[in-house]
Amino acid sequence: MADADNLDNLSNAELRARMLAQGLPNIPVTDSSRKVLVKRLRASLGGNAALPAASPKKSNARRETLQPAAVAAAAAGQVDKTDGTQAAAKSRRTIAFNPSDNKEDDRRRQQQPVNKPQTVPEAIAVVKPVAAKAAPIQSRRISNSERREQPTERIVRKPEPIAEEPTVPKQRESEKPLLVNSLIILESDEEEDEQLAQAAQSAEDQYSHHNKQIASKPKPKPKLTASTVNTHEYVAKPLYPSLQPNTMEQQRIKQVYEHVPSPTQPRTTLGGSSNSYDYRAATGRYSSYVSSPAQSYTSASSTIGVSTSLRRSPPRTYSNEFSDDTAEEDASQGVKFESDFARNLARLRAERIGDRSSSYRRTIATGSIITGGRRSLRQEQDPSSKAFVRLWQTLDNKYKLKSKLFILIVLLVLFGVYRFFY
Amino acid sequence: MSGTTQKYRNFVAEPMGEKSVTELAGIGETLGGRLIEAGFDKAYTVLGQYLVLKKDKELFKDWMKDVCHASSNQASDCYNCLNDWCEEFM
Chain A
1 MADADNLDNL
11 SNAELRARML
21 AQGLPNIPVT
31 DSSRKVLVKR
41 LRASLGGNAA
51 LPAASPKKSN
61 ARRETLQPAA
71 VAAAAAGQVD
81 KTDGTQAAAK
91 SRRTIAFNPS
101 DNKEDDRRRQ
111 QQPVNKPQTV
121 PEAIAVVKPV
131 AAKAAPIQSR
141 RISNSERREQ
151 PTERIVRKPE
161 PIAEEPTVPK
171 QRESEKPLLV
181 NSLIILESDE
191 EEDEQLAQAA
201 QSAEDQYSHH
211 NKQIASKPKP
221 KPKLTASTVN
231 THEYVAKPLY
241 PSLQPNTMEQ
251 QRIKQVYEHV
261 PSPTQPRTTL
271 GGSSNSYDYR
281 AATGRYSSYV
291 SSPAQSYTSA
301 SSTIGVSTSL
311 RRSPPRTYSN
321 EFSDDTAEED
331 ASQGVKFESD
341 FARNLARLRA
351 ERIGDRSSSY
361 RRTIATGSII
371 TGGRRSLRQE
381 QDPSSKAFVR
391 LWQTLDNKYK
401 LKSKLFILIV
411 LLVLFGVYRF
421 FY
Chain B
1 MSGTTQKYRN
11 FVAEPMGEKS
21 VTELAGIGET
31 LGGRLIEAGF
41 DKAYTVLGQY
51 LVLKKDKELF
61 KDWMKDVCHA
71 SSNQASDCYN
81 CLNDWCEEFM
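If you read the protein sequences in the order shown, they are chains A and B. In terms of this note's numbering, the first sequence opens at residue 1 and continues consecutively. In terms of this note's numbering, the second sequence opens at residue 1 and continues consecutively.
By construction, these hints were calculated from the structure, which means they are not laboratory data. Only true hints are included.
Below, computed lysine-lysine pairings styled on DSS-like, alpha-carbon distance capped at 27 Å: (1) A:K35 - B:K55; (2) A:K39 - B:K54; (3) B:K42 - A:K35; (4) A:K386 - A:K404; (5) B:K54 - A:K35; (6) B:K65 - B:K55; (7) B:K55 - B:K19.
From a predicted model like this one, the values you see are computed outputs, not experimental measurements.
Let the hints inform the model, and build the full structure from the sequences given.
So this is what it looks like as structure tokens:
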């Protein structure tokens with residue numbers, strides 16, 4: 001108390017000298033700051049630990065000395081004891097003063113057994129205790145000092161990805177099926193292409209064989225291209241002159257019909273088209289409208305044979321318009337193996353769906369097929385439709401678009417009904 | 001330093017000039033009256049005390065508690081306000 005009285009009676013200069021002698025910061029003593037500084041000096045004289053908050057230098061020094069000691073203690077614990085939990089707990093006890101740290105210790109003890117099974121590899125398990133010890137020390141440092149230990153905190157975070165490594169392959173596994181599926185899709189495409197190509201080749205072989213048998217009378221192949229050209233010429237020509245070659249080709253068709261042997265049944269459908277052809281021949285304008293597809297069709301049939309054009313065209317248009325892979329495969333296989341029923345069915349479907357312009361396209365497609373442009377045709381039309389179908393399928397699988405679209409449509413309908421009535 | 005108040009932002013946004021001591025963050029009418037009684041009527045006088053104490057947070061807070069019986073939060077707000085103003089304008 002004598003010191004205190006002396007301090008109150010000291011002048012500002014003396015007080016400042018005492019503060020410097022005590023190791024306190026050199027702060028000018030004024031009337032306004034005197035009280036605070038005396039308080040600080042009194043605290044430092046009475047006991048260093050009395051008011052630790054009032055002396056910033058002390059607190060800084062304590063932090064600086066505490067951290068290396070903690071690191072040293074932790075390092076000693078690591079070297080001496082293989083058991084990570086006990087060593088970490090002891091090192092923490094030497095550092096920790098707050099009662100809350102005991103709770104933290106308990107939490108860490110609970111967490112460590114949980115973390116240990118995750119580090120299955122032994123090499124990682126050797127590294128793990130170091131990190132496990134470093135972590136609590138880090139947390140202690142963070143609680144004491146404000147920002148200093150951030151770089152070491154990053155080091156502590158390293159073991160976490162090691163522990164999480166087993167979880168990473170799970171994510172990759174979830175990604176793998178997509179890759180595998182895409183590969184499967186690609187392979188299936190190639191297989192489809194190969195199958196279609198084989199089917200087309202076999203069908204062409206069959207038809208060429210057929211043609212060799214049948215085509216004692218029919219014209220040679222170079223007329224195929226000429227026939228397609230003729231169709232365009234017919235469109236350009238006036239009406240009346242077009243009638244004469246029509247009649248000529250009618251006779252041709254009838255001849256071909258007479259000469260074509262029985263195995264190709266679809267004559268009935270062809271007969272239907274030829275009926276329209278006759279009707280067209282009777283009425284000038286209508287004939288000019290239809291003549292271009294029909295004539296190309298008939299001319300192709302006249303050159304190579306009715307059966308070829310009939311066999312090739314229906315599945316092709318069917319597949320092109322629906323872009324259904326399985327149907328295409330079935331149709332191509334049907335062309336190869338099955339009876340005329342499949343051909344008739346496919347052709348009827350194609351005619352039902354397609355209008356006259358589509359039939360026109362179909363005839364051109366047959367021409368291109370006969371001349372060997374099948375691949376080019378597929379490259380033009382199929383990839384886009386197939387890609388669209390694939391995209392739709394993948395999107396549907398991912399997001400279940402069908403159900404959502406259905407719900408959306410239902411909602412729209414309900415909204416429309418609501419709007420209609422209210 | 002957690003969320004800042006509008007008073008803090010107003011003070012730190014511009015030079016303090018002749019602002020009253022009550023415009024400092026953490027100092028209302030009550031504390032402002034006590035500070036004015038103690039002779040610290042302008043914000044720059046408090047800033048002067050802050051500078052005399054060499055920007056020491058603990059000393060400044062002790063001084064605030066001693067002069068105007070500020071709470072720890074109020075003293076801390078005032079210190080942060082002056083400290084950030086100094087970082088901005090000094």
